[in-house]
Each structure stands twice: as C-alpha cells, then as structure tokens.
Amino acid sequence: MINVRVSVIVNPTEDEEKVAGAARNMFPEIELEMHERKYGNFLEGEGDINSLKNIHDLFRKERIIDTARTQLQKNRWGEPEKTFFMLNKQVATIERLNFPAKEETLGSIQVEINADNEEAMDILMEWLTPPTEDGVPLFEPDMPEL
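Going letter by letter, the sequence shown gives residues 2 to 147 in the working numbering.
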C-alpha cells in the first residue's frame, strides 16, 4: 500500500484558495483541509497511489524524469520504504512542476510517500521514474496495484 501526504503552509499574506489551487494542480485527487499548527496554517491531505498519476504525467510532460528520479532516490537514504520531495508552490499555480533547491521563503509543497516495504517503493519508483536514455523512458510500466 502507498500513502501520499501533501502539506503546504498558507502564509498570512497569501490567499488560501490560490495556495489550495496550486496544490490541487499537482494533486487533484487529494482533498486538502486547513490545519492550524504551531508554526502556521497548513493545507494538508492524504491519498494513495492514484494521487500520483498527475505527478507521473507531469514528469514526462516537463521532461524531468531523470531529475525526479534523482530527487526521489536521494531522499530515500536511511528509510528505503519512504521518500519525500518539495515542489515550488508558485510554479504549481500555473500547472507546472519545479523542484526548488531548498525550502522556499514562502514555503514549498511538501510531499511524503510511504510504502509498506522497500520492494513496494522500488516498484513505485520504476513506475514514476523509469530509467531513461537521452531523457526517454526505456520502458513504461503500468501503474502498479500496491
């Protein structure tokens, strides 16, 4: 089983609906709810593997499969059944995908993916970010039923 958790801060200077729209542009399958935390208000939601379908498609549309694979792999260190990544929330407002180099001043869209075990995460990784040659996937596996 795959669990996808999305969290994004809504700063006092930001319009909650615009921030929610940016997150929905990336994860249309995830219903977001506002939660007050010690460090601010956050829109948060959870989904399953189906909530990654749009991200899967954007990796290909943006031609960043190799970059995405590097991001997801490097953030598995120490916990092979988990990974995380950040997305630029301003770029997400125009339905584009960008990995910021570090947490942005206004905050990024935080994405955490958890699998039941390392094998399930490996299968998910192959589907999301298969090996490529000259940026073209060597194969396109079907969405796994994890």
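Source of the hints: derived by calculation from the structure; they are not laboratory data.
Among these hints, one or two may not hold up.
As the list claims (entries may be wrong) - Keeping only pairs whose Cα atoms sit at most 25 Å apart, straight-line, the calculated SDA-like set for lysine to any residue is:
hint	residue 1	residue 2
1	Lys-103	Leu-139
2	Lys-103	Asn-89
3	Lys-19	Asp-123
4	Lys-83	Thr-14
5	Lys-54	Arg-38
6	Lys-19	Gly-41
7	Lys-19	Asn-55
8	Lys-75	Ile-3
9	Lys-75	Asn-118
10	Lys-62	Glu-113
11	Lys-19	Met-35
12	Lys-19	Glu-82
13	Lys-54	Gln-74
14	Lys-19	Lys-54
15	Lys-62	Asn-118
16	Lys-83	Lys-19
17	Lys-75	Phe-140
18	Lys-54	Glu-80
19	Lys-39	Gln-74
20	Lys-19	Ile-56
21	Lys-83	Glu-15
22	Lys-62	Gln-91
23	Lys-103	Met-2
24	Lys-83	Asn-51
25	Lys-62	Asn-51
26	Lys-103	Phe-43
27	Lys-39	Phe-85
28	Lys-39	Phe-140
29	Lys-19	Arg-38
30	Lys-54	Thr-106
31	Lys-54	Glu-113
32	Lys-39	Asn-51
33	Lys-83	Leu-33
34	Lys-103	Glu-120
35	Lys-54	Gln-111
36	Lys-83	Pro-138
37	Lys-54	Thr-14
38	Lys-54	Thr-94
Verification of the supplied hints:
| no. | hint | verdict |
| --- | --- | --- |
| 1 | Lys-103 to Leu-139 | violated (30 Å) |
| 2 | Lys-103 to Asn-89 | holds (10 Å) |
| 3 | Lys-19 to Asp-123 | violated (34 Å) |
| 4 | Lys-83 to Thr-14 | violated (33 Å) |
| 5 | Lys-54 to Arg-38 | violated (29 Å) |
| 6 | Lys-19 to Gly-41 | holds (17 Å) |
| 7 | Lys-19 to Asn-55 | holds (19 Å) |
| 8 | Lys-75 to Ile-3 | holds (19 Å) |
| 9 | Lys-75 to Asn-118 | holds (17 Å) |
| 10 | Lys-62 to Glu-113 | holds (22 Å) |
| 11 | Lys-19 to Met-35 | holds (13 Å) |
| 12 | Lys-19 to Glu-82 | violated (32 Å) |
| 13 | Lys-54 to Gln-74 | holds (18 Å) |
| 14 | Lys-19 to Lys-54 | holds (22 Å) |
| 15 | Lys-62 to Asn-118 | violated (29 Å) |
| 16 | Lys-83 to Lys-19 | violated (29 Å) |
| 17 | Lys-75 to Phe-140 | holds (22 Å) |
| 18 | Lys-54 to Glu-80 | holds (23 Å) |
| 19 | Lys-39 to Gln-74 | violated (30 Å) |
| 20 | Lys-19 to Ile-56 | holds (19 Å) |
| 21 | Lys-83 to Glu-15 | violated (30 Å) |
| 22 | Lys-62 to Gln-91 | holds (18 Å) |
| 23 | Lys-103 to Met-2 | violated (29 Å) |
| 24 | Lys-83 to Asn-51 | holds (17 Å) |
| 25 | Lys-62 to Asn-51 | holds (18 Å) |
| 26 | Lys-103 to Phe-43 | holds (19 Å) |
| 27 | Lys-39 to Phe-85 | holds (22 Å) |
| 28 | Lys-39 to Phe-140 | violated (45 Å) |
| 29 | Lys-19 to Arg-38 | holds (20 Å) |
| 30 | Lys-54 to Thr-106 | violated (28 Å) |
| 31 | Lys-54 to Glu-113 | holds (15 Å) |
| 32 | Lys-39 to Asn-51 | violated (31 Å) |
| 33 | Lys-83 to Leu-33 | holds (21 Å) |
| 34 | Lys-103 to Glu-120 | violated (28 Å) |
| 35 | Lys-54 to Gln-111 | holds (17 Å) |
| 36 | Lys-83 to Pro-138 | holds (23 Å) |
| 37 | Lys-54 to Thr-14 | violated (31 Å) |
| 38 | Lys-54 to Thr-94 | holds (18 Å) |
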